[in-house]
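*Asks:* Below, each chain spelled out in residue letters.
Number of protein chains: 2
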Amino acid sequence: MNIQPILTNEQLYPYLLKARYGVEKESQRVTMEGDLVTTDYPEKLGNRSFHPYIQTDFAETQMELVTPVTDSVSELFRWLAAIHDTVYRSMDTNEMLWPLSMPPALPKTEENIVIAKLDNFEDVLYRRYLAKTYGRRKQMVSGIHFNFEFDDEMVQKMFEIQEEYDDYDQFKTEVYLKVARNYLHYRWLTTYFFGGSPLSGPHYFNGHERPTEPVRSIRNSEYGYKNHEDVKVSYRSVKDYVNDIQQMVEEGKLSEEKEFYAAVRLRGGHSVADLADKPVRYIELRNIDLDPYQPYGIGEEEVEFLHLFMLFLLWTDEQADPDDWVEQGEQMNNLVALESPLAQTACYDEAQRLIVEIRSFIKQTELPVSTEILDRMEEMLDDPKQTLAGRVYLDAQKRTQKEIGKQEGLSYYKKAWQAPYQLAGFTNMELSTQIFMFDAIQKGFDLEVLDEQDQFLKLNAQEHTEYVKNGNMTSKDTYIAPLIMENKTVTKKLLHRAGFRVPQGKEFTSKEAADVSYEEFRNKSIVVKPKSTNFGLGITVFVDGPNKNDYEQAINTAFKEDDSVLIEDFIAGTEYRFFVIGDQVKAILLRVPANVTGDGKQTVKELVAQKNNDPLRGENHRTPLEKIQLGESEELVLHQQGYTFDSVPNQDETIYLRDNSNVSTGGDSIDMTEVFSEDYKQLAVQAAQVLGATICGVDIIVPDIEAPASAADAYGIIEANFNPMMHMHCYPYKGKGRRLTMDILKLLYPDFIK
Amino acid sequence: MNIQPILTNEQLYPYLLKARYGVEKESQRVTMEGDLVTTDYPEKLGNRSFHPYIQTDFAETQMELVTPVTDSVSELFRWLAAIHDTVYRSMDTNEMLWPLSMPPALPKTEENIVIAKLDNFEDVLYRRYLAKTYGRRKQMVSGIHFNFEFDDEMVQKMFEIQEEYDDYDQFKTEVYLKVARNYLHYRWLTTYFFGGSPLSGPHYFNGHERPTEPVRSIRNSEYGYKNHEDVKVSYRSVKDYVNDIQQMVEEGKLSEEKEFYAAVRLRGGHSVADLADKPVRYIELRNIDLDPYQPYGIGEEEVEFLHLFMLFLLWTDEQADPDDWVEQGEQMNNLVALESPLAQTACYDEAQRLIVEIRSFIKQTELPVSTEILDRMEEMLDDPKQTLAGRVYLDAQKRTQKEIGKQEGLSYYKKAWQAPYQLAGFTNMELSTQIFMFDAIQKGFDLEVLDEQDQFLKLNAQEHTEYVKNGNMTSKDTYIAPLIMENKTVTKKLLHRAGFRVPQGKEFTSKEAADVSYEEFRNKSIVVKPKSTNFGLGITVFVDGPNKNDYEQAINTAFKEDDSVLIEDFIAGTEYRFFVIGDQVKAILLRVPANVTGDGKQTVKELVAQKNNDPLRGENHRTPLEKIQLGESEELVLHQQGYTFDSVPNQDETIYLRDNSNVSTGGDSIDMTEVFSEDYKQLAVQAAQVLGATICGVDIIVPDIEAPASAADAYGIIEANFNPMMHMHCYPYKGKGRRLTMDILKLLYPDFIK
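Protein sequences, first through last, are from chains S and Z. The UniProt record's numbering puts the first sequence at residues 1 to 754. The UniProt record's numbering puts the second sequence at residues 1 to 754.
A few of these clues could be false.
Same chains, same names: a pair is fine if it fits in one copy or spans any two.
What the hints assert, rightly or not - Straight-line Cα separation of at most 27 Å, DSS-like style, residue types lysine-lysine; simulated pairs: (1) K476 to K746; (2) K258 to K178; (3) K44 to K458; (4) K492 to K476; (5) K506 to K18; (6) K627 to K601; (7) K506 to K157; (8) K458 to K493; (9) K476 to K458; (10) K488 to K476; (11) K232 to K132; (12) K560 to K524; (13) K402 to K414; (14) K493 to K476.
Don't read these hints as lab results, they were simulated from the structure.
Given only the sequences and the hints, what does the whole structure look like? Please build it.
*Replies:* Spelled out as structure tokens, the structure:
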């Protein structure tokens with residue numbers, strides 16, 4: 001196939017840099033001391049028998065992190081970040097991930113390497129077979145499998161342009177076959193630049209045949225994790241590839257297909273046999289060593305290079321019979337892998353030629369990519385110290401390989417625990433959604449962000465799909481319930497008729513009409529207020545009922561602010577947010593208006609700055625609490641108390657900067673879930689039921705928590721919120737966090753989460 | 001009870017003019033000729049065995065219209081209007097309601113008066129008993145029962161102020177007992193002013209004993225609809241009242257409680273016996289004659305007077321033993337009822353005294369009411385021609401009583417049919433909601449408007465409650481479905497993945513990025529447009545794919561209008577709205593942009609005015625179509641075609657004034673429901689299912705209706721609307737109307753509506 005004229009066709013330009021990527025990354029669980037853990041697989045994670053993101057490789061200690069298929073490099077790394085965050089925070093707090101391909105010190109006795117305790121006995125049997133065939137020690141090496149798929153439209157365009165093939169599937173398969181063979185021929189280049197396993201750890205070889213260390217990549221050498229010599233599979237055609245693998249299995253040279261440890265696998269259907277009918281859909285590169293200096297074992301630059309490399313391998317022509325071509329590559333790779341990490345490579349000239357050719361390819365296809373990586377590769381060619389193997393080796397000289405693993409691992413551990421409420425990769429989304437996503441990833445839901453700005457998620461498990469917006473809007477509520485809650489008049493009507501205590505109100509549009517109604521209110525606790533209030537202006541409260549003069553004055557004051565004045569029942573007491581999910585109150589929160597407590601020295605402004613310094617405080621619902629603002633509202637509220645931003649409050653004096661208690665305006669959140677008795681919780685649940693709501697936040701004023709809910713005037717329901725914030729309950733300012741996100745997952749999938 | 005000091009207590013002021021009202025109004029169904037109909041009860045109405053608003057009285061021809069309990073006079077009349085509209089438009093189009101209390105000509109043979117064909121055999125038996133006891137003819141008289149309840153807070157305040165009674169229920173009962181006795185004593189006053197049955201019609205008396213006509217009110221006289229002489233019930237106390245009625249029944253003087261035809265009934269529980277335990281809750285005034293000059297048989301002024309009269313009857317002290325007091329009233333009323341309508345009443349002085357007392361009462365309680373009605377009553381006292389009886393009698397002299405009934409009836413019939421899409425009383429609500437309410441009233445749902453601005457309704461039937469907003473937002477949709485539809489990105493994603501054809505789009509924020517993507521679009525039908533468009537500026541369509549030059553120019557043009565430019569698949573064809581309810585498409589509509597068709601003479605402006613003259617066109621979704629505007633958008637669209645508002649289009653030339661086809665901007669609606677084949681309907685239903693929607697409007701572009709939906713490029717789904725307008729389908733500009741509102745009622749109550 002003369003592919004170069006096809007790839008330089010302008011029609012392909014928009015597609016060349018598009019691709020789909022997926023990463024599977026193995027890592028050993030270790031203690032903070034860098035020793036292999038002896039604990040079982042983390043209990044918090046959903047079952048390994050279906051978990052799409054978090055699996056176990058050979059050993060019980062060996063985590064496998066699997067991203068979904070992604071459409072861009074940045075998306076790939078968002079998922080790597082999120083899955084790493086989830087894994088770190090699902091393990092014991094004194095465990096972390098070992099960042100190197102070569103395992104930490106292994107047990108002296110091989111049997112102490114614990115095979116993964118999987119539910120499926122066949123999976124265990126397979127691992128026992130591997131232990132017997134290759135030894136447990138060799139199975140402890142970790143690495144990255146990189147799945148790569150060309151943009152499908154690109155392959156289609158190529159097919160339209162070429163004239164050799166009539167069948168699209170056949171053409172597509174040839175594309176991937178060529179790339180696979182070329183990768184097998186040229187992969188020594190990645191071993192040179194990205195090989196990262198120069199040294200073995202204690203008890204890795206343990207008396208077995210071993211290379212003279214240091215090398216570029218033990219893992220990619222003949223001493224690495226590879227099949228026995230008698231396993232031979234041809235990449236000449238898919239037919240050969242399939243037949244050979246099947247024959248190896250039949251002859252018992254492989255226990256099953258997945259034991260075929262080539263550097264590249266052709267991927268299509270479910271099993272290798274499927275490739276007989278279906279085209280190759282993508283390829284799996286299996287030879288990537290972990291980069292201990294990257295938090296996720298691989299960096300964006302390396303992925304971008306691999307994409308470029310795949311395009312180049314499609315572009316460049318093979319120079320020999322397919323099997324020979326692959327065999328040559330095998331030998332060159334072993335040679336490069338076993339070179340000293342500081343030595344110039346024997347393939348120096350060939351490497352330089354390839355870089356020149358890649359540059360030429362970029363030019364001919366007008367590929368809009370930076371060539372910085374190629375510049376750096378040229379530097380690395382001349383200076384092997386700059387290769388990954390060179391860097392790891394030199395670093396190990398300075399601080400030992402164990403310390404590299406320990407210290408780098410610790411830095412990633414700290415990063416994951418630094419803001420344990422956030423989900424790395426998705427920190428631009430609302431915090432409630434981040435927490436929800438964390439829980440969904442942890443438990444093994446198929447998760448997809450349908451729309452980021454809109455906090456719109458898709459979940460799948462047990463062949464059942466649910467859509468969730470804002471973490472709290474689901475199919476479990478009807479359409480009419482939030483509309484009822486949105487309409488305060490309707491909400492009050494329904495609650496009032498159902499016998500709940502709800503502040504009743506009247507609206508007046510003239511002073512005369514309000515004045516005439518005085519008798520109606522003279523013995524009631526009321527609040528007189530303009531219909532729309534700014535900074536609480538124009539509001540008067542009469543706890544024991546107004547005298548006529550004060551009443552009229554309050555009406556006048558309110559009418560100065562608006563043409564419409566409300567007189568509402570005043571229910572004295574503290575407002576609490578009851579978070580109802582289904583037939584239970586899952587959390588109760590007291591929200592305290594934005595405030596600072598004086599120390600007799602600092603000004604209000606300084607105290608606010610100090611309080612805002614807490615990393616829990618941020619902006620726009622991306623942190624559990626919001627920063628206190630120093631705006632007009634706060635200035636006014638201070639002014640009404642006789643303060644300014646520059647006042648110095650006394651020691652232990654608490655100053656409020658807001659009339660409203662919302663967390664979103666800098667208020668504090670205090671968990672009260674266990675303080676309230678069951679009768680108040682039932683009240684909130686029943687109110688939600690009257691409104692037909694499954695998930696809602698009921699705001700209730702309670703003057704005295706100790707009084708029973710059935711006591712006269714024990715409570716007043718203010719409103720019900722159909723989009724209640726969840727994160728403030730999950731991470732309150734004070735008190736115990738309530739994992740509402742998990743409760744919602746349970747509501748959606750009652751049988752899925754134990 | 002010394003009630004006057006209580007009623008003048010300032011605390012009562014806010015409550016005196018508050019009350020609850022309900023009306024039951026009987027009317028005979030007649031032909032357009034004013035003859036009693038021979039048809040059965042209207043089939044369109046829900047079953048009489050439960051219907052809350054529309055019942056049958058004695059005869060099959062005798063409709064009984066029942067309002068719900070209302071809190072204000074205006075609300076009472078809204079319901080009277082709505083129920084009348086519903087009744088008129090549920091009867092045969094050649095039937096109307098007879099507006100007089102005295103029936104139209106009755107059949108010569110009494111047996112030809114058909115007793116109501118009710119399902120419940122006991123109800124039929126009761127009517128047969130009445131026919132036997134009183135004769136069928138007498139049962140054909142119609143009138144109004146007016147239910148009146150003082151504001152409960154007022155009665156409570158009175159109770160708090162008084163010191164005589166310890167028991168609230170007892171006090172409340174005494175209040176109503178006093179009013180009832182006083183009403184029975186003074187009701188001759190209402191007979192004088194509002195009596196409206198001076199003349200009988202053919203075959204009404206038919207040889208039976210009869211008054212010398214004309215009189216003031218046959219119905220309220222001893223010749224009217226009243227119990228036999230031996231039925232005696234005391235209003236001295238509730239105990240007496242209950243015992244007497246029960247004894248009359250036991251003795252067989254009454255067949256059952258409801259045969260007690262007093263001018264006032266005490267109302268509380270379900271049966272009279274309940275009054276032994278429960279307080280009287282309201283009273284029923286049963287002596288109101290129909291006023292043929294009022295569309296609903298009674299006017300607002302009369303209701304306002306009755307309220308004032310109730311207050312006065314509570315205020316004024318009884319002057320005799322209770323039974324004597326009532327008996328005196330009975331005699332005076334018969335006297336007044338049988339006076340000639342043009343004669344001065346024998347009670348002239350007493351009437352004048354009462355009006356003076358009412359004025360004094362108003363003054364002492366500072367009641368903020370107009371006294372115009374009292375002025376007019378004084379005039380009527382001096383000039384009996386102005387009383388209702390006087391007017392009807394004089395009118396009948398001029399045009400016969402039959403013509404009064406026929407002509408007045410016809411004017412109300414015309415009013416009900418004038419705008420058959422609207423629901424009188426609720427025309428300020430959106431038209432879809434008006435139609436929905438009409439259907440709900442017709443079928444006999446308990447209906448309540450929870451919030452008028454918000455189009456929020458409550459329905460109840462079969463002990464099951466549903467809430468509905470905008471007529472189309474219900475509990476049958478989940479909360480997440482409309483959120484999916486609201487988000488166009490998510491909608492397109494889900495539909496695309498499910499295999500539907502959906503226009504795909506890309507967003508660009510720089511010319512360079514858009515230019516580089518040229519190859520992606522060169523062979524596609526695309527539309528290039530600014531992300532937000534005003535009047536369609538900056539849009540370019542390439543049906544057959546652009547050449548590079550035109551493409552870049554289109555990009556430039558679009559970027560002049562916005563910083564973000566969209567390139568979307570262009571799907572040629574006509575857009576149709578498929579209205580999906582459950583698993584069916586219930587209506588399909590073609591919407592044509594606002595347009596006029598020329599006559600070679602008139603200007604565009606004149607043609608628009610002519611088209612807008614159609615009463616079907618209004619504003620703000622209160623009519624089936626909207627008026628065409630002559631604004632900036634229309635000016636621009638005309639300008640692009642080389643026209644101005646003053647251009648004169650040729651004969652039969654159609655000129656469009658809008659690019660968009662929305663009915664809300666003056667477009668025309670054309671029903672296409674039966675034009676489309678089943679496969680397109682299935683497509684819309686399946687798309688709705690993918691989005692999880694039960695009620696939605698799916699907008700689909702179809703280039704060729706004749707092509708099967710499975711053909712390549714047969715369609716493109718543009719979007720799904722979660723708040724689709726219904727009224728444009730119910731009353732389209734052309735084609736058959738589709739009663740979607742009834743379909744939604746069926747969806748909510750599948751077993752309730754046959």
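*Asks:* Hint by hint, say whether it matches the structure.
*Replies:* Hint check results:
Within a single copy, K476 and K746 get their C-alpha atoms as close as 12 Å, and across copies as close as 23 Å, so both meet the 27 Å cut-off. Within a single copy, K258 and K178 get their C-alpha atoms as close as 22 Å, which meets the 27 Å cut-off; across copies the closest is 97 Å, which misses it. In this homomeric assembly, K44 and K458 come within 27 Å of each other (Cα to Cα) only inside a single copy, at 22 Å, whereas the closest approach across copies is 46 Å. Taking identical chains as interchangeable, the C-alpha atoms of K492 and K476 lie at most 27 Å apart whether they share a chain (23 Å) or sit on different chains (23 Å).
Proximity of K506 to K18 under the C-alpha cut-off of 27 Å is restricted to the inter-copy arrangement: shortest distance 14 Å between copies versus 62 Å within a copy. With identical chains, the CA atoms of K627 and K601 are at most 27 Å apart within one copy only, with a shortest distance of 21 Å there and 69 Å across copies. For the identical chains of this complex, K506 and K157 are inter-copy neighbours only, at 19 Å across copies versus 69 Å inside a copy, given an alpha-carbon limit of 27 Å. With identical chains, the CA atoms of K458 and K493 are at most 27 Å apart between copies only, with a shortest distance of 11 Å across copies and 35 Å within one.
Within a single copy, K476 and K458 get their C-alpha atoms as close as 14 Å, and across copies as close as 21 Å, so both meet the 27 Å cut-off. In this homomeric assembly, K488 and K476 come within 27 Å of each other (Cα to Cα) both inside a single copy, at 22 Å, and across copies, at 22 Å. Within a single copy, K232 and K132 get their C-alpha atoms as close as 21 Å, which meets the 27 Å cut-off; across copies the closest is 109 Å, which misses it. Only within a single protomer do K560 and K524 lie at most 27 Å apart by alpha-carbon distance; the minimum there is 23 Å, versus 62 Å between protomers.
Within a single copy, K402 and K414 get their C-alpha atoms as close as 18 Å, which meets the 27 Å cut-off; across copies the closest is 96 Å, which misses it. Taking the shortest Cα distances, K493 and K476 sit within 27 Å of each other both inside one copy (24 Å) and across copies (22 Å).
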